[in-house]
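> These are the residues of each chain, in order.
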Amino acid sequence: MAAAPPLIKLSGISFSYPGGKPLFKGLDLELRAGERLGLSGPNGAGKTTLFHLIVGLLKPAAGAIEAFGSPLKNESDFVAARRRIGLLFQDADDQLFSPTVLEDVAFGPLNLGKTPAEAREAATRTLALLGLQGFEERPIHHLSGGEKKLVSLATLLAMEPEVLLLDEPTNGLDDKTKANFLDILQRLEISFIIISHELDFLEQSARTIYALAEGRILSDDQITLHRHVHAHPHGSLPHHHHD
Amino acid sequence: MLPEPLPLPDSPFRRIDPRLRIVTAVLFSFAVALASEWAALGAGFGCAWLAIILCGLSPWRVLKRIAPAFGFILFLWAVLPLTVPGPALLRLGPLPLSAPGIALAGGITLKAAAILPAITLLIGTLPVATIGHALQRLRVPEKLVYLLLFCYRYIFVIEEEYRRLERAARLRSFRPGTNLHTYRTYAYLIAMLFLRAALRADQVHRAMLCRGFHGRFHTLEEIRFRATDRYWALALAIPPGIVTALQWLLLHP
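Chains as they are written, first to last, in our numbering: chain E, 1 to 243; chain D, 244 to 496.
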């Protein structure tokens, strides 16, 4: 039996912003079903740009993008792929634009052609899945940063994506909210690529960690995660680390 | 901060088609604004406040909500009696207060005191999202409706961005004064705000595309005109009807 095609495959991608120096030079990346990929990299390495290339918000200068076994060439290919790929934006205020939580979560399902009743049902179910029962009628601008992040995730999950692209999901979240977010990620059975500069979080959420550097993806054996020093609130007390 | 909708106690009135409430508010406002006879204005005033009491809304809260508008009206009272030509009704020391001036200011006050509570009751108690959908179903151009909804959503984000910029300026010892440096700083600040709003709009559009947006908005709310709404339509037509009828009868005796 032939192996299933990768969910997402980038080969030989080159990209540069107008007037900027080349961001990617012959970048390759593959996400297979069931995989949880972490991507680290310094500021300006093009992590967000990479995601925007995958969903076709930006177009590469060279290279090929494939999703679910078929090449993505023109806008209509990308439109079809976006239904199955959920992209979590770095700033939740970009993602959430409706007056209330319920409407925002129902926006995607409605776009997929569901009836208002079905969309409402999908939205309510997704909110409950994330522990956000009772948030339906809340105005978005009354939510805290952590709540906004979870609602953003709900807007994606309501569309039942097969792949999640998470752009710095823990930015600006406190430890407790971060732990909650991690817990939810681990319960989901969706393949994802997560980008973050927080290696601690990547180690906990992803199975494989790559680094984005010099316009290419460096794999595990090239980056060797090896750190001993860390800080947390119990630094002076005896404690265990999960091993 | 934008005010939240006033909580309206549950009643049959609360469940009527929101479109009906918007249409009534528009008709009533026009009827009262165009009326000139005291009896017609008085009837409009009476209808509005009677409806508020009947619907169980606290008149005190309505009054607090509309109070800022009366600041403008106070200004009219300060100006109109002194500036509208006509015979003096009263004298305030050496200043004559003209009768037509006082009548004009009184008329405007009564109109405001009738229209503002009516709008507060009919529209101010609806969630903004519902107002948007009702307008959409009333065939108000989609662009205007979404302008309203996006404003409601992003005015807080933009306010927050403004505060951040202003705080950053103040932390670097910026003290506003009457000088070129202050004007230039505020100009930069506002320019930055516009720039950020534009960038934000771009990102929001991208996020919408990622969730399958293709140029058309779908709504979740199902607004229906039910059988009982027909009776409500008749009932809601009474106040604007009374005001218009009185005005017409008194003008054409």
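For the record, the hints were derived by calculation from the structure and aren't laboratory data. In this text, a Cβ means the ideal position worked out from N, Cα and C, and glycines have one as well. Mixed in with the good hints, there may be bad ones.
To be verified - Pairs of lysine to aspartate or glutamate, EDC-like flavour, derived with a Cα cap of 20 angstroms:
| id | chain 1 | residue 1 | chain 2 | residue 2 |
| --- | --- | --- | --- | --- |
| 1 | E | K178 | E | D167 |
| 2 | E | K59 | E | D28 |
| 3 | E | K59 | D | D445 |
| 4 | E | K114 | D | E464 |
| 5 | E | K176 | E | E162 |
| 6 | E | K73 | E | E147 |
| 7 | E | K21 | E | E214 |
| 8 | E | K148 | D | E404 |
| 9 | E | K148 | E | E168 |
| 10 | E | K114 | D | E465 |
| 11 | E | K148 | D | E403 |
| 12 | E | K9 | E | E147 |
| 13 | D | K307 | D | E404 |
| 14 | E | K176 | E | E137 |
| 15 | E | K148 | D | E465 |
| 16 | E | K47 | E | E203 |
| 17 | E | K73 | E | E35 |
| 18 | E | K47 | E | E147 |
| 19 | E | K47 | D | D445 |
| 20 | E | K176 | E | E214 |
| 21 | E | K47 | E | E214 |
Said to hold, decoys possible - If you anchor each label on the Cβ, the simulated ranges turn out as follows:
| id | chain 1 | residue 1 | chain 2 | residue 2 | range |
| --- | --- | --- | --- | --- | --- |
| 22 | E | E160 | D | H448 | 42 to 52 angstroms |
| 23 | E | N74 | D | L387 | 25 to 35 angstroms |
| 24 | E | E160 | D | I401 | 41 to 51 angstroms |
| 25 | D | K307 | E | E137 | 52 to 62 angstroms |
| 26 | E | L58 | D | R459 | 37 to 47 angstroms |
| 27 | E | D77 | D | R413 | 44 to 54 angstroms |
| 28 | E | D77 | D | R439 | 51 to 61 angstroms |
| 29 | D | L436 | E | E137 | 24 to 34 angstroms |
| 30 | D | K386 | E | D77 | 21 to 31 angstroms |
Unchecked claim - Here are some of the chain E residues that sit facing chain D, going by a computed Cβ distance under 10 angstroms:
| id | residue |
| --- | --- |
| 31 | F68 |
| 32 | G86 |
| 33 | S144 |
> All hints are to be evaluated individually against the structure, with a verdict given for each.
Comparing the hints with the structure gives:
no. : hint                                    : verdict
1   : K178(E) <-> D167(E)                     : 14 angstroms, holds
2   : K59(E) <-> D28(E)                       : 15 angstroms, holds
3   : K59(E) <-> D445(D)                      : 16 angstroms, holds
4   : K114(E) <-> E464(D)                     : 13 angstroms, holds
5   : K176(E) <-> E162(E)                     : 27 angstroms, violated
6   : K73(E) <-> E147(E)                      : 36 angstroms, violated
7   : K21(E) <-> E214(E)                      : 11 angstroms, holds
8   : K148(E) <-> E404(D)                     : 17 angstroms, holds
9   : K148(E) <-> E168(E)                     : 14 angstroms, holds
10  : K114(E) <-> E465(D)                     : 14 angstroms, holds
11  : K148(E) <-> E403(D)                     : 15 angstroms, holds
12  : K9(E) <-> E147(E)                       : 32 angstroms, violated
13  : K307(D) <-> E404(D)                     : 29 angstroms, violated
14  : K176(E) <-> E137(E)                     : 25 angstroms, violated
15  : K148(E) <-> E465(D)                     : 26 angstroms, violated
16  : K47(E) <-> E203(E)                      : 17 angstroms, holds
17  : K73(E) <-> E35(E)                       : 24 angstroms, violated
18  : K47(E) <-> E147(E)                      : 24 angstroms, violated
19  : K47(E) <-> D445(D)                      : 18 angstroms, holds
20  : K176(E) <-> E214(E)                     : 34 angstroms, violated
21  : K47(E) <-> E214(E)                      : 12 angstroms, holds
22  : E160(E) <-> H448(D): 42 to 52 angstroms : 23 angstroms, violated
23  : N74(E) <-> L387(D): 25 to 35 angstroms  : 33 angstroms, holds
24  : E160(E) <-> I401(D): 41 to 51 angstroms : 33 angstroms, violated
25  : K307(D) <-> E137(E): 52 to 62 angstroms : 24 angstroms, violated
26  : L58(E) <-> R459(D): 37 to 47 angstroms  : 24 angstroms, violated
27  : D77(E) <-> R413(D): 44 to 54 angstroms  : 50 angstroms, holds
28  : D77(E) <-> R439(D): 51 to 61 angstroms  : 32 angstroms, violated
29  : L436(D) <-> E137(E): 24 to 34 angstroms : 30 angstroms, holds
30  : K386(D) <-> D77(E): 21 to 31 angstroms  : 29 angstroms, holds
31  : F68                                     : 16 angstroms, violated
32  : G86                                     : 8 angstroms, holds
33  : S144                                    : 13 angstroms, violated
Hint violations for this structure: numbers 5, 6, 12, 13, 14, 15, 17, 18, 20, 22, 24, 25, 26, 28, 31, 33, all remaining hints satisfied.
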